[in-house]
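> Chains as they are written, first to last, in this note's numbering: chain A, 62 to 315; chain B, -7 to 260.
Be careful, since some hints might not be right.
[As the list claims (entries may be wrong)] A partial selection of chain A residues facing chain B, derived with a Cβ cut-off under 7 Å: (1) His203; (2) Val209; (3) Arg210; (4) Ala211; (5) Gly216; (6) Leu228; (7) Pro229; (8) Arg310; (9) Gly312.
[As the list claims (entries may be wrong)] Covered stretches of chain B, as calculated for chain A (at least 3 residues, CB under 8 Å): (10) 78 to 85; (11) 100 to 114; (12) 130 to 139.
[What the hints assert, rightly or not] Derived CB-CB ranges, DEER-like: (13) Arg305(A) x His18(B): 47 to 53 Å; (14) Arg15(B) x Arg218(A): 23 to 29 Å; (15) Ser28(B) x Pro302(A): 37 to 43 Å; (16) Arg15(B) x Pro162(A): 42 to 48 Å; (17) Lys70(B) x Pro162(A): 29 to 35 Å; (18) Leu120(A) x Glu115(B): 20 to 26 Å; (19) Lys110(B) x Gly290(A): 41 to 47 Å; (20) Pro302(A) x Ser181(B): 40 to 46 Å; (21) His308(A) x Phe14(B): 35 to 41 Å.
If you are wondering where the hints come from, they were derived from the structure by calculation, not from laboratory data.
Remember, it's a predicted structure, so these values are computed and weren't measured experimentally.
Heads up, the beta-carbon is just placed ideally off N, CA and C, and yes, glycines get one too.
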Amino acid sequence: MKRATAAFLFFALLAVLWEVLVRTGVWPHMLVPAPSEVLRYLVDAVADGTLPGAMAVTLKRLVLGYVAGFALGLPLGLLIARFKFFADTLGLMALGLQALPSICWAPLALLWFGQTEAAMFFIVIMGSVWSITLATDAGVRHVPPIYVRAAQTMGSRGLHTWSHVILPAALPFIVSGMKQGWAFAWRSLMAAEIYITILTGFGLGHLLHYGRELHAMDAVLGIILVIIGIGLLTDKLLFSPVERFIHRRWGTAR
Amino acid sequence: MNEEIPTGSPAKVAVEDVSKTFRARHDLVQALDHVSLQVREGEFVCLVGPSGCGKTTLLNIIAGLDTPDSGRVLADGKPVTGAGSDRLVMFQEPALFPWLDVRSNVLFGLNLKPNLGKAERLEVAQYYLQLVGLEKFLHANVHELSGGMKQRLALARALAPNPRVLLMDEPFGSLDALTRDQLYGDLQSIWAQRRRTVVFVTHNAREAACLGDRVVLFSPRPGRIQEQFEIRLARPRDINSVELASHATEITRALKRHLKPELREVAE
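With the rest of the complex left out, here is chain B (with noise of 0.2 Å):
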């Protein structure tokens, strides 16, 4: 089955010199201040930092949803000009289509790749969903799902058109902890056997050093990129180790320090 899914090289993506400012309410907030970033082929790239830091700016800026007032972004080698299904975006939300039921949402991607036929286009959807373990709930509606659930069939959504590079915008925010224990497991062992460029954006130390390859520490307004630690750990990583949480104790101190002191409180 592997071999039948078309996989494509992973892409890298490369974040040249952005900067973006938003009109607030009565002043101007620097989201991004001459942000660079290179992401390697098939890097699993974490993005930490407090609230308002412009990370998940700069993953709307590599979707294409959003665009830089200066600097680029290239998505193997070719400038973003716009929002393209080589590169995913999978929401805090899920973000799902409630009209469609289960498979259908997975088909959505699908059905906009003209070279694959349909029944292509059903195994795929089937292939993704036994995957993410929702093999059982094809024809479900959306609402009948539980929130991992729904996160679930959002990363088979993801999955299933083969992105080259899959941005992740804290998509596991909202689920109970014990639910997301389960889908950081989930989500390695996908991220074992299909192996993609994924920019993985969350406020949680403990998350990245799970996750990421490398994480990289912003600090807000301006948004600047602070510090880089790679994770060496062996994967699967489990979230309750020791040594994952001596990574994530450090990735924190980091982000205390960084911290101008007003906003300390927020990262507690």
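Extracted from the complex, chain A is given alone in its bound form (with noise of 0.2 Å):
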């Protein structure tokens, strides 16, 4: 509780002394609009629903190209984890991959599937899914090989072994891998929005593009809140619990 109000007066000091330097003239309107007529600009675009629309194309794009990216991140991982031949060819290939910002696929995105969704799941797809790959990869290869004799010793074999101590067992690596995907898929959606035009769905990206076209700096702001707030709560709801179980799990907690 403590921890939460120290939060909150931080924040509401920021935005006073912003209002304040605005409203004095310090910082000029032109460049810098009050936090008051952010807020204000957030409370209309809520009202005539532009905002929780834009936001629900931005999370179904975001939320079901991640999904797709961990579907084949993980068992990608897993094949150049076990096979050496995976490991030379696709984990290198993962690799290279990983070091492009998604972003530049956007022009064949446009190209193979035209001004559509698929174009925004691609390159969410592709700014996530090798971050899993490689995590998986890493974590799969730092299990002490002691665990896998204990479980054979025992009566484990092939596909429980994989699902019953091996995976588990890389828990840690993954999740962080689950984390960088996240983000990399976050910063290529709404560089991709902001960048392309895609006539199935007016995202947040869009949004903020406009705001820059209409020079309607309170809804470039008020945008960057937004996003701002999704990814501040992804973390907090999604990540947060899984990373505080692993810390008491195996004793890693500060």
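Taking the hints as your guide, dock the two standalone chains into a single complex.
Quick look at the structure:
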């Protein structure tokens, strides 16, 4: 509770300071809108439905693309960890593609899929899949062999060893890879939405882009806040509980 | 409670003319050279020798985690072809699973026994956790246990699936002397209650004299059985007793006798 209060006070103070700086003209109004104006924009945009609509479009792309990225990345990582042939081939490819910001795929995605959701999914998948693949591979490689031997003497074999020993033992790595994959996917999607016009849905990035076109900086800042909020919430609701579990169970907590 | 847990008869192990060579960096190391060993049903056999004499290799071969170059191992008359839950290994490190709590670690092996029901599994886990004195820590995390508690948990995990043979590879090697002394007592009383065939690897002559019905002495490079000692002391044995010490001294002397001069220091 104390920490929540501290956080609240910190941000309240920041907002007040910002408001004062704009109102007194220290920061030119043309360049920086006041927090009160940003708030007014957000309220209006929620009221007329543009903001919730854009959020729904963006989150749908993100979640579906990310789930697909995970569903591809995990088995790929396992294959690479298990078979030397795949490590030498797919592993190298994964390493290379992970270094590529997935927004670079935008021109090709447009060419292949047109201005559709499929192009967005493709960019989100390419943003998340390689981080998850590489983390899974690293996680499996770091499993102490003694766990596998111990499991084998207890009668564990093949698939059971993978699902009950290797995967859970690699969990800390996999979760950090999932977190990185999420961050990459989120950034790529925002870049793609700002950069490309998609005819099938109007996302947060497009809203931000139109704010720029209309020189509506209150809208730009409002949407930035929404994007930050979604990122924070995902971390706190999705990843933090899992990380806390891992820290408690493995004894790696601070 | 004792009667409710299916015991099965303890098995015998026969090692027949087993040899094993490892490729070291520049040369070949013969870890085992035509080793033969018979372990009777319910017998507690200690393999003693300096580091590098192949005793752990032999244990791994009996476990099925390693294959011999020649010769074979029979468990209960059947050739060993791979790891199996009839021959459980307790390693030098506890090798507990950090993603599971204390009870789930014990349940791991039990869950691989298809003929047990869920209630039965929980009951068996409870029984063995009680046997090793961890019944108050069912849902504790592994990292919260002390070194001695971890090895006790590893013991419970190894005993719970009711293996025919228990293979122990210096399981108490990394513990402090006080904890170790206590575990000798615990292990003896558990063994008295739930008699199993045990093959116990150690480099500690006193530990071997304390636990074993028979002590088998290995010499290194190539690993060979040099001598065997029957220990006929009454149980439970006190590691600090004078009689036990005299047996241990005898084993230590023999150990030194069989060592090559350059390795003598190691065993001191």
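> Now, for every hint given, state plainly whether the structure supports it.
The hints, checked one at a time:
1. With a least beta-carbon distance of about 13 Å to chain B, the hint placing His203(A) at the interface is violated under the 7 Å criterion.
2. Hint status for Val209(A): violated, given a least beta-carbon distance of 10 Å to chain B, over 7 Å.
3. Interface hint at Arg210(A): satisfied, since its Cβ lies 6 Å from the closest Cβ of chain B, which is below the 7 Å cut-off.
4. For Ala211(A), the shortest C-beta to C-beta distance to chain B is roughly 4 Å, which falls under 7 Å, so the interface hint holds.
5. For Gly216(A), the shortest C-beta to C-beta distance to chain B is roughly 3 Å, which falls under 7 Å, so the interface hint holds.
6. The criterion of a C-beta within 7 Å of any C-beta in chain B is not met by Leu228(A), whose closest approach is roughly 9 Å, and the hint is violated.
7. The interface hint given for Pro229(A) is met, as the beta carbon of that residue sits about 4 Å from the closest beta carbon of chain B, less than 7 Å.
8. Proximity of Arg310(A) to chain B holds as hinted, the smallest CB-CB distance being about 5 Å (cut-off 7 Å).
9. Interface restraint check for Gly312(A): the shortest CB-CB distance to chain B comes to about 3 Å, inside 7 Å, so the restraint holds.
10. Look at the region 78 to 85 of chain B against chain A: 5 of its residues bring a Cβ nearer than 8 Å to a Cβ of that chain, three or more, so the hint holds.
11. A count of 4 residues in the region 100 to 114 of chain B with a Cβ less than 8 Å from any Cβ of chain A is obtained; the coverage claim is therefore met, three being the minimum.
12. Counting residues of the region 130 to 139 of chain B whose beta-carbon sits less than 8 Å from any beta-carbon of chain A gives 4, enough to reach three: the coverage restraint holds.
13. In this structure the hint that Arg305(A) and His18(B) lie 47 to 53 Å apart at CB holds, the actual value being about 50 Å.
14. Judged by the Cβ atoms, the range 23 to 29 Å given for Arg15(B) and Arg218(A) holds: they are separated by roughly 28 Å.
15. Checking the proposed 37 to 43 Å range against Ser28(B) and Pro302(A) shows it is violated: the Cβ atoms sit about 57 Å from each other.
16. For the pair Arg15(B) and Pro162(A), the beta carbons lie near 46 Å from each other, so the given range of 42 to 48 Å is met.
17. Between Lys70(B) and Pro162(A) the CB atoms are about 59 Å apart, so this pair departs from the stated range of 29 to 35 Å.
18. Checked against the hint of 20 to 26 Å, the C-beta distance between Leu120(A) and Glu115(B) comes to roughly 48 Å, which is inconsistent with it.
19. Separation of Lys110(B) from Gly290(A) is about 44 Å and conforms to the stated range, judged on CB atoms against 41 to 47 Å.
20. Here the CB-CB span from Pro302(A) to Ser181(B) is close to 43 Å, well matched to the stated 40 to 46 Å.
21. Checked against the hint of 35 to 41 Å, the pair His308(A) and Phe14(B) passes, with Cβ atoms roughly 40 Å apart.
Hint compliance for this structure: hints 1, 2, 6, 15, 17, 18 are broken, all remaining hints hold.
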